[in-house]
Amino acid sequence: MQSNPSAELEALAAVEEVEVAGHIIDSLILPKVLDLITGHGGAFRIKQISIGQARNDPSYALVEVRAPDEATLAQILEQIADHGARPTTDVDCRLVPADVEGAFPEGFYATTNQRTEVRLDGHWVPVADQEMDCGIVVDAQTRRPRCVPMNEIKVGDLVVVGHSGVRVFPHERDTAQHTFAFMNSAVSSEKPKGLAIRDIARQLYKNRQEGGKSVLVGGPAIVHTGSGEHLCELIRRGYINLLFAGNALATHDIEQALFGTSLGVYLDHGGLAETGHEHHLRAINRIRRIGSIRQAVEQGVLTRGIMYECVKNNVDFLLAGSIRDDGPLPEVITDVLEAQRQMRQKLRDVNFCLMVATTLHSVAVGNLLPAWVKVFCVDINPSTVIKLNDRGSFQTAGLVTDVEPFLRILVDELQRLERGEGGTVQR
Amino acid sequence: MSDLRRQPQILMCPPDHYGIEYEINPWMDRTRQADRAVAAQQWKQLKAILEDAGAKVHTMPAVPGLPDLVFTANAALIYGDASGGKLAVLANFLHPQRQGETEHDEAWFRAHGFEIQRLPEEYAFEGAGDALFCGETLFAGYRIRSDAAGHQQLGAMLSCRVIPLELVDHYYYHLDTCFCPLDPETAIYYPAAFDEYGLKALHAHVPNLIAVQAEEAQRFACNAVVVGRTVVTNTGCPKLHAELAARGFTPRETPLDEFVKAGGSAKCLTLRLDGEEAAAWRYRQPAATA
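Taken in order, these protein sequences are the chains called A and B.
Residue numbers are given in the working numbering: position 197 of the first sequence equals residue 197, and the series is strictly consecutive.
Numbering-wise, the working numbering comes out as the position in the second sequence, counting from 1, plus 1000.
Bound conformation, chain A alone (with noise of 0.2 Å):
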């Protein structure tokens, strides 16, 4: 049962739950409040509804009311009040302060990456800085929540504690029929993947079109596969405005501008190297001689490639740092709650997220971003892609294929689009 389409509802604003219990059917008394509810010029949604068996039963709806705003809401609410529909909630959240520095409350309200909204001072708030497996604490001077990782708390943050106060709105999945929305279902190696690749470069044109912010999270495979060239073509076309990734991509990518290898092979050739192996090493080593990947551009040491085209266009870039790293290069963040740091607030604006060739980095970055964000995630290996759903972020479409051509065929779709030949791009 359903007033109005979702999206409809959705775009009205403000918004409470209710519940209604008891003898509702047979009294007439939900249809009373559903229709004194469009007749204030709200709508609603029925989340759930249990009907009554037998005479004696009673039955309960659980109804979400929304409308334009939240003088009109206040109206309606009081008015489906006296019929018996109550809000679920009508308490504000818990607020405990921290008493211990970078650790949470007992029972703190662990956040997911939906949007979600706290009740404070008998008002619901969105929760800002929207991430999973966070703390919310609510600003004592604003007023305004946010959600902040453990590591981040500090002695006498307000935390929300417990579940009442919060509510969550999960993320609507796109229902459009569209291929886009079919990828989403499942990871699979059999999906029609030029269908696919044709809307990433849609949501990417679209997105430079409308001045978005598109990131791309990228794993060394991308030099070792000779697609770097594709990814700089990217780079260049003002597809890409932010690229996270790790020592690897930057280091090989770097041995490639310098040596004309990736990990010792010949990536015109395929041969491999005499001392290859040590290529990256002397890579890495020069640019820590000169003291950043950006004087080694500026110094005209580095003169192609995947970094260059970086500092050259301007795209800002973190390479967050592993165990196993060599050197790292100069601007490789070793310190990993620091690099989450700078990835969180880097990601704040993002609206579109490419993830190639990487587990660690695409999982990490899912952990951060809120369940809005548009994640394509394109990996060899089907478990990159599983793994990022298993670990909340849902909202990711996979498409399981070689690096290569997935980049040569988005670089060819985007200039089909440039030149007017793809069709209408989806909003």
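Some hints could be false.
What the hints assert, rightly or not - Looking from chain A toward chain B, a few residues come up when the C-beta cut is under 10 Å (computed): (1) D35; (2) D57; (3) R86.
The hints are simulated quantities; they were obtained by calculation from the structure and are not laboratory data.
Yeah, the Cβ is synthetic: ideal placement off N, Cα and C, and Gly gets one too.
Fit chain B to the given chain A structure using the hints.
Here is chain B on its own, set in the frame of chain A:
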């Protein structure tokens, strides 16, 4: 209480301290005072008619400062189970003027062997004035004196179906001023006191409905006391009486104008203790031992 099952039992309270001392419904007007002597006479006549119809009338003492204690219908909702136990769900009066009645009601019910229950105090509930059984179903008036959410709780408490009916006319502020079940399948009602949802629900759940016209509704035609097949109302309800007679009931009238000044009439002045004639649970109670 040994003969509860055989003889209809009714609770009344003499109008020794009755008067229009405040205004909590549109009928009340302190400048139109009730004549206490006439009121006493009318009350005695009603009691005599009920006794004549076969009822045993119990009286609870009047209390100074509680003029509406005379309207015992609002004291509680009475419910009995198959084991013979009797339950009084006490009122949570909406207006502070009447809240003082409850301790006296409670004392009387305790002294007479009733189990006492109450709804949570946040729900207003005015006893049998707003909750009337017709068959297995409890019809419950809300919006003016009782809360719909409280009725939901009542249904859970008694494990019965509760049909809340919105009252839309402030002159008919209690359900018993516009609806009166006569037997498990028959009720009189005043249609204009309900909205379309309430009317639909009534038509769906009461097989025989007798509509009362406006001028007789104003004479409190629906505020009737039923004892067996005898239906007692205020005077001035000839059309209803003719209809009742045609349906095999024995209508009787008695003047109650002094109580109409406070917004009450025959039914408001009584509380049936052994289950109304229309209440299905009454017929499940075991026959009383002598």
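A quick look at each hint next to the structure:
The restraint placing D35(A) at the interface with chain B holds, with a minimum CB-CB distance near 8 Å, inside the 10 Å limit. Taken as an interface hint, D57(A) checks out: its beta carbon lies about 9 Å from the nearest beta carbon of chain B, inside 10 Å. Against a cut-off of 10 Å between C-beta atoms, the interface hint on R86(A) holds, since the closest Cβ of chain B lies about 6 Å away.
Violated hints: none; the structure is consistent with every hint.
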